[in-house]
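*Asks:* Following the hints, position chain B against chain D.
Going line by line, the protein sequences match chains D and B. Taking numbering that gives the first Met the number 0, the leading residue of the first sequence gets 0, the next gets one more, and so forth. Taking numbering that gives the first Met the number 0, the leading residue of the second sequence gets 0, the next gets one more, and so forth.
Keep in mind that the hints were calculated from the coordinates and are not lab data. Heads up, a few of these hints could be off.
Straight line, CA to CA, 20 Å or less: simulated EDC-like cross-link-like pairs of lysine to aspartate or glutamate [what the hints assert, rightly or not]:
#1 K100/B x D49/D
#2 K202/B x D22/B
#3 K93/B x D127/B
#4 K73/B x E174/D
#5 K112/B x D124/B
#6 K73/B x D124/B
#7 K202/B x E219/B
#8 K93/B x E174/D
#9 K100/B x E68/B
#10 K100/B x D127/B
#11 K273/D x D124/B
#12 K6/B x E60/B
#13 K112/B x D183/B
#14 K73/B x E171/D
#15 K93/B x E171/D
#16 K93/B x D169/D
#17 K93/B x E68/B
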Amino acid sequence: MMSPAVILLLLWMIVPLAMTLYFSFLRYNLLMPGTEAFDGIQNYRYFLTDPAFLEALGNTLMLVGGVLCITVIGGTLLALLLDQPMFGQGIVRLLFIAPFFVMPTVSALVWKNMFMNPTNGLFAFVAKVFGGTPIDWLGHYPLPSIILIVAWQWLPFATLILLTALQSLDSEQIEAAEMDGANAFSRFFHIVVPHLARAATVVILIQTIFLLSIFAEILVTTNGGPGNASTNIPFLVYAQSLLQFDVGVGSAGGIVAVVLANIVAIFLMRMVGKNLDL
Amino acid sequence: MGSITLKKVAKRFGDVEVIPPLDLAIEDGEFVVFVGPSGCGKSTLLRLIAGLEDVSEGVIEIDGTDATEQPPAKRRLAMVFQSYALYPHMSVRKNIAFPLKMAGMEKSAIKAKVDHAAKTLNLSDYIDRRPGQLSGGQRQRVAIGRAIVREPSAFLFDEPLSNLDAALRGNMRIEISELHQTLDTTMVYVTHDQVEAMTMADKIVVLNAGRIEQVGSPMELYREPANVFVASFIGSPSMNIITGAPAAEAGATTIGIRPEHFQLSTDGGQWRGVVGVSEHLGSDTFLRVDVEGVGTLTARAEGEFPARHGDTVGLTPDPERMHRFDAAGLRIVR
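With the rest of the complex left out, here is chain D:
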């Protein structure tokens, strides 16, 4: 009964993967059509020994780690704030999720042109108002700038999940801790944070899957530069395949990315297994 759906899904996933795997062992350059030939592991050797690879790997991990830190910690604090009774609570919460609905390219361009631009940007304006020198954010701090942009997009998601988790905390537990003599800090670290651990795990898991493949924000802001300063693995694969026209090396890079993603997934699953099975 299920087989049509399963077969369709399998084809959907297996065919591209198999073709990527196949291309990764082929000498396949778009500038030299008709010269495709089996090339052994040359493509992998080329990709892995490329000095850009290690830099891209480091950038990928920095990007994922940085965004996760900002969204989980910031999300927790914002969730605490939004959980307080306030005027216009419903509208504030609605507005809060807005960044999540803005397309990545659009939000990246808004940040690039309206905030971070060293002549016309808002940050430059603020710096000038206080007599400072405007900073060329994307030129001098490309990776932190991209982390900031991506974190801005994902913060609402983390906040929303953590807020719902926060609201599911039994108020009697907090009251019991209060009677037990725990002050606000102890209550937060001993009761609230462990309660949020589960939700935070889900946030980390889902975000990691998406953050490993960040591409659009880099393409429209820094194009991976200056040099390779903001190139991550997906962008490196793109650069190999479509800027240097070497589909073979690009495919090899794709397979390497799949392997890396699986290594990360194993660590995540172990963390999830520990946290979700309370």
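*Replies:* Frame of chain D, contents of chain B only:
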């Protein structure tokens, strides 16, 4: 040490007065039960004592000192919640140790105290389990354990047995009473179950719509209820409340007769009626009898009483144990 005095304490939520100003004195070592129907303000009153809610008016004194403005932790009270409020991510040991850890006690001292509490409450076998792996009764005991390690001046219980099944509730009732004997500490206990109130209390406070209807020992409330509300609330099955002609004959607006204060007979009797339902428990027989001009009455006969649905029986109230109330519902003193 553990006396609690409420002086003109009132609680309002906005314009709604949940508890009108009331006075109450709880003596050291007493087991006081707040009882009343749901929504009568008994839990709110307990939370006021605990400090989890701020009083709108009045003074709360604990051990003779004004505690009205003190935060919950400073009042030296321990509370057992209805949901137990155990910390799900901590083991039983850590749960019980939590208040001591918060008080900054030394690790070795904490361990000794926790072990002692666990032994008292038969929890030693589960000490390293999480609350999620325990049964309702065990969780209840952990919650009590967490309360007793602090050696508080008084314990507050908020409907602690309402999540347990009937058999377990009976056992825990006895355990809590025994705990009170051993510790000899003041306990304030909130329940809607008058059986718990009657069996455990030294002093019962009957609440209705935030007002104290009557304060007294269980037997005082049983023998001399101050008004119709207390009369019908205390006792199981509840008292028969009769108005109209039969009450006027006795010189009152309302009369109350407990099911156990009827003389039942198959023939004769002051009132005769038809049996609707008969419940045979072996030790007792409960009859629901329709008496013309009086209403449906519940009567109890000791042991077995040979009456079935549709039989006619005679009921004779014991005039000595008949409760008479005036038009305002207050007891008419003989």
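*Asks:* Each hint: holds or not?
*Replies:* Evaluated hints:
With a C-alpha separation of about 55 Å, the suggested pair K100/B and D49/D falls outside the 20 Å cut-off, and the hint is violated. For a cut-off of 20 Å, the pair hint linking K202/B to D22/B stands: about 15 Å separates their Cα positions. For the given pair, K93/B sits about 8 Å from D127/B by alpha-carbon distance, which is consistent with the 20 Å threshold. With a CA separation close to 14 Å, the supplied pair K73/B and E174/D stays within the 20 Å bound.
For the hint linking K112/B to D124/B, the alpha-carbon distance of about 16 Å falls within 20 Å, and the restraint holds. With a C-alpha separation of about 32 Å, the suggested pairing of K73/B with D124/B is violated against the 20 Å cut-off. A distance of roughly 9 Å separates the Cα atoms of K202/B and E219/B; the hinted pair therefore holds under the 20 Å criterion. Using a Cα cut-off of 20 Å, the hinted pair K93/B and E174/D holds, with the two alpha carbons roughly 17 Å apart.
Proposed proximity of K100/B and E68/B is contradicted: the alpha carbons are some 25 Å apart, above 20 Å. Of the supplied pair hints, the one linking K100/B and D127/B holds, its CA atoms being roughly 17 Å apart against a limit of 20 Å. Simply put, K273/D and D124/B have alpha-carbon atoms about 24 Å apart, too far for the 20 Å limit, and the pair is violated. Simply put, K6/B and E60/B have alpha-carbon atoms about 8 Å apart, close enough for the 20 Å limit, and the pair holds.
For a cut-off of 20 Å, the pair hint linking K112/B to D183/B stands: about 18 Å separates their Cα positions. Straight-line distance between C-alpha atoms of K73/B and E171/D comes to about 18 Å, which keeps the hinted pair within the 20 Å bound. Annotation: proposed proximity of K93/B to E171/D holds, straight-line Cα distance about 18 Å (limit 20 Å). For the suggested pair K93/B and D169/D, the alpha carbons sit about 19 Å apart, so the restraint of at most 20 Å is met.
This hinted pair does not check out: K93/B and E68/B have alpha carbons roughly 30 Å apart, beyond 20 Å.
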